[in-house]
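> Residue numbers (my numbering), protein chains in the order written: chain A, 3 to 347; chain B, 3 to 347; chain C, 3 to 347.
In short, the hints are calculated from the structure, not lab data. Incorrect hints may have been included.
No copy is singled out in the list; a pair is fine if it fits within one copy or between any two copies.
[Stated by the list, open to error] Taking lysine-lysine and the DSS-like style, the derived pairs with C-alpha atoms no more than 25 Å apart in a straight line are:
(1) Lys69 to Lys342
(2) Lys148 to Lys312
(3) Lys69 to Lys312
(4) Lys312 to Lys294
(5) Lys195 to Lys33
(6) Lys69 to Lys56
(7) Lys33 to Lys69
(8) Lys283 to Lys195
(9) Lys148 to Lys69
(10) Lys69 to Lys195
(11) Lys294 to Lys33
(12) Lys56 to Lys33
(13) Lys283 to Lys312
(14) Lys33 to Lys342
(15) Lys69 to Lys294
(16) Lys342 to Lys148
(17) Lys195 to Lys148
(18) Lys283 to Lys148
(19) Lys56 to Lys342
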Amino acid sequence: MCMTVGDIAQLVGGTVAGDSSLPITGVNGIKEAQAGDLTFVRSARYLPLIFSTKASAVLIAEQPEGKTPSLILCSQPDLAFAQVLQCFSQRQTQHPSGIHPTAVIGENVILGQDVALDAHVYITSECEIGARTVIYPGVYIGRRVKIGEDTVIYPNVVLREDTEIGSRCILHAGAVLGSDGFGFAPLAGQWMKIPQIGRVVVEDDVEIGSNTTIDRATFGVTRIRRGTKIDNLVQIGHNVEIGEHCALAGMVGVSGSVMIGNHVQLGAGVGIAGHIDIGEKARVGARSGVHKSVAPGAIVSGYPAIEHEKFLRVVAVSRNLPEWTRRVRQLERQVEALEKQLLHE
Amino acid sequence: MCMTVGDIAQLVGGTVAGDSSLPITGVNGIKEAQAGDLTFVRSARYLPLIFSTKASAVLIAEQPEGKTPSLILCSQPDLAFAQVLQCFSQRQTQHPSGIHPTAVIGENVILGQDVALDAHVYITSECEIGARTVIYPGVYIGRRVKIGEDTVIYPNVVLREDTEIGSRCILHAGAVLGSDGFGFAPLAGQWMKIPQIGRVVVEDDVEIGSNTTIDRATFGVTRIRRGTKIDNLVQIGHNVEIGEHCALAGMVGVSGSVMIGNHVQLGAGVGIAGHIDIGEKARVGARSGVHKSVAPGAIVSGYPAIEHEKFLRVVAVSRNLPEWTRRVRQLERQVEALEKQLLHE
Amino acid sequence: MCMTVGDIAQLVGGTVAGDSSLPITGVNGIKEAQAGDLTFVRSARYLPLIFSTKASAVLIAEQPEGKTPSLILCSQPDLAFAQVLQCFSQRQTQHPSGIHPTAVIGENVILGQDVALDAHVYITSECEIGARTVIYPGVYIGRRVKIGEDTVIYPNVVLREDTEIGSRCILHAGAVLGSDGFGFAPLAGQWMKIPQIGRVVVEDDVEIGSNTTIDRATFGVTRIRRGTKIDNLVQIGHNVEIGEHCALAGMVGVSGSVMIGNHVQLGAGVGIAGHIDIGEKARVGARSGVHKSVAPGAIVSGYPAIEHEKFLRVVAVSRNLPEWTRRVRQLERQVEALEKQLLHE
């Protein structure tokens, strides 16, 4: 694939400072880029690298002083770069097509136009799969599962019975949706299984990471609303509801019956205790453990999580605790001396 | 499926306060329930909802004052509800049956009566699978694996060679049992692999979550005793032994050679350091990191984990650390002033 | 299999104290060992067990006083034991061989001599697989994947397109390599996907645990250098580079663009924030959260991670915080009394 610097400027709505006719044959990070590559600078931290990069052209918000490669000036260089990446990735992505002869398809399955079912896919019965949806090898699809259009399901994903997936979703390899929630009642020193007869609903434009697990509801629905992105090795318990356009980083764990509002962001490794609410647009710092509800718009951190600004102050003091104990001991000696002195006077 | 309120009262050994003849066609949470549904109230927190629920009947321990739907009074409403759920779930669960033609079965495999092997299942050689055990698509079963009766193994589970699974177990999708333990010895700046020639034994009535991993022992056995329930994305290291009727919530990690007694409960995200003992009936709070042995019956929390009551006090103080440092600084000023005053007198 | 004590001493370069002709038929831990077994003692902690073990022979560095089983004296008993384990494990490991008729192989795939492809393996097109590499059932191998010689890939592993795996690697069941990195740019309240067009490269002699996930780079390469060992349920983000001969314990999470030097050790459950460097030979304590770069050779712990020695002191004080607040309150009372006294004088 080849575009010129001018082609790219036009694509992203930017203006060229340099040679518009230069051919661009690849995209790369500013350190790794070679001649022919396009790169980008988003933050001041990487700005100095613009003078040494081997890239042929750089997407950037403002023209710096000094000798640089050809520049494409645009207001949001990272977004512009994502757009260019999409052009270049279309060349690379070659999803399977057609129905592989080793795919097993049960009764009363409705397949939309141009659905791809690759080798060793297993579709149970009474399923519906929308047009142009691509299902990679080894995927298991249980009874009565419904999948929208233009969704991609990577190898070895498991969708248990009654799960519903929207359109334009991406399910990465090894994800498991619709397993039984972890529900047991204690009975005479043993655990009695509480049947999990609900299901999982994933709305449109959701992406779910590799080996992530989302449990079906005890009854009712575990729901991931449209536009939400979930990273790898995340665990979502039964009866959880996650709002629209949220982002859950890797290894997040959300316990049962948690309600998460729209536009919430959970950092890597965050854990949310059961039966609490995380308000709209709230953000939780990486590795925090949240055990009570978080107000809309709040930013919390730590374990147990508290207001982020306060967390930073607490951490700062915590690190100096040995120094503080020294000061308290010193005070005790001084006060003791003062008390003796006053007693003797 | 349809039962009357009276049928259900009889099933759970409760008494009806209201209309025994009312038909019940479903079960649901108290907020989600509609006409025809049965729901339950376990704690005072949800009690007010009984006056507004649309459910036709409610399982509850004591009759509240005020106008409610029909009630079924019973001592443990959650257990009773689980019993009713089991009735309703029997309708839904339709496990595969028979031997699918794409299943691959090696030599000297002994299959009990009515074993189900679904599509693309792979059974190596010298395995034994007990009566009525159900194996979903894509499951891999290594050499010399033994599985008891009435066990259910969901799609894409991997059981490496010599693993042993009891009767009435449930293994959720993507779980991996019997992989090599993580054992290496340092040798001239490199890692020399210590062969892992032990195995995994899972006793009767154990449930194991999706994408959970349980490693084979270096030698001897990694053992999960009967009745224990393990959630999703849990990691159990080599040579671990977990007692009877334990509960391990999601994302727990248990390092090698840990011994866990009977009836232990580990909260979500707990980590246990290697070579320690967790005594019978001990409980570990969510996200705690345990680095030394825990006495039977103890309740511990935090990282590193300490006695739970103490943990709560430490957390309470921790949050006010900036305030305490302010008070220490104030004391220093006061003491300095006192010292000056005494000096000048 | 049977060796004599003398055979084993010769194998490990040790000397016998006891009966060289004794037959050894198995290996086991010092507690579990029975007659005919070899065991080992590495640390003083287990030394007392040497007088009660049922093992026929013990690998040990120095001969203790008292009556023991036959001893094989050698400088590094654990390494020697690993060597013996390797002998005994060769008997047990029986990898599949040949090309199973249900394996699906795409166009332009180059298979080295004696490659084993077991049932339901799927190899897309333009792949190269080196001599004697073994691929277990249910593995998916995307386009243009290259795998070296003598590598073992356990069931249901997924290698997405363009992934490269070295020689003598071991990939445990359910691992997913080459999924899209978690990259999104905010755009008008939604998440715009940043295409991930890079790839994953795993060098020689690397071992990767069950259900571990390693994401492809946004562009360029996510790289695991030779000799590194990674445990189960580990998450490696896009554009990460991990050095040679590192060890990453279970449930470690490494965020995007982290650079890890050679010989680094990360304890179980450690999280590393994005875009930082972990210097050569650094070590991070279990469950720590590292949010800024770590110097070569440093040992850090805690959340946020600090120098390990300091962490231990901080933890020691933290546990006594309620006591320290009591002492501060006491000081306040004393100082107040002193101030009153001086005022009245």
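> Does each hint fit the structure? Answer for all of them.
How the hints compare with the structure:
1. Lys69 to Lys342: neither (74 Å within a copy, 64 Å between copies)
2. Lys148 to Lys312: neither (46 Å within a copy, 50 Å between copies)
3. Lys69 to Lys312: This pair counts as neither: shortest intra-copy Cα distance 44 Å, inter-copy 47 Å.
4. Lys312 to Lys294: Both ways: Lys312 and Lys294 sit 16 Å apart in one copy and 20 Å across, limit 25 Å.
5. Lys195 to Lys33: between (55 Å within a copy, 22 Å between copies)
6. Lys69 to Lys56: Answer is within: at 13 Å inside a copy they meet the 25 Å cutoff, but 72 Å across does not.
7. Lys33 to Lys69: Close inside one copy (17 Å), not across copies (65 Å); limit 25 Å.
8. Lys283 to Lys195: between (36 Å within a copy, 20 Å between copies)
9. Lys148 to Lys69: neither (56 Å within a copy, 41 Å between copies)
10. Lys69 to Lys195: The answer is neither: 69 Å in one copy and 32 Å across copies each exceed 25 Å.
11. Lys294 to Lys33: between (43 Å within a copy, 21 Å between copies)
12. Lys56 to Lys33: within (8 Å within a copy, 61 Å between copies)
13. Lys283 to Lys312: Answer is within; shortest intra-copy Cα gap is 19 Å, inter-copy 34 Å.
14. Lys33 to Lys342: neither (68 Å within a copy, 62 Å between copies)
15. Lys69 to Lys294: neither (54 Å within a copy, 32 Å between copies)
16. Lys342 to Lys148: Neither way: Lys342 and Lys148 sit 83 Å apart in one copy and 79 Å across, limit 25 Å.
17. Lys195 to Lys148: between (27 Å within a copy, 24 Å between copies)
18. Lys283 to Lys148: Classified as neither; 30 Å inside a copy, 43 Å across copies.
19. Lys56 to Lys342: So Lys56 and Lys342 fail the 25 Å test inside a copy (75 Å) and across (67 Å) alike.
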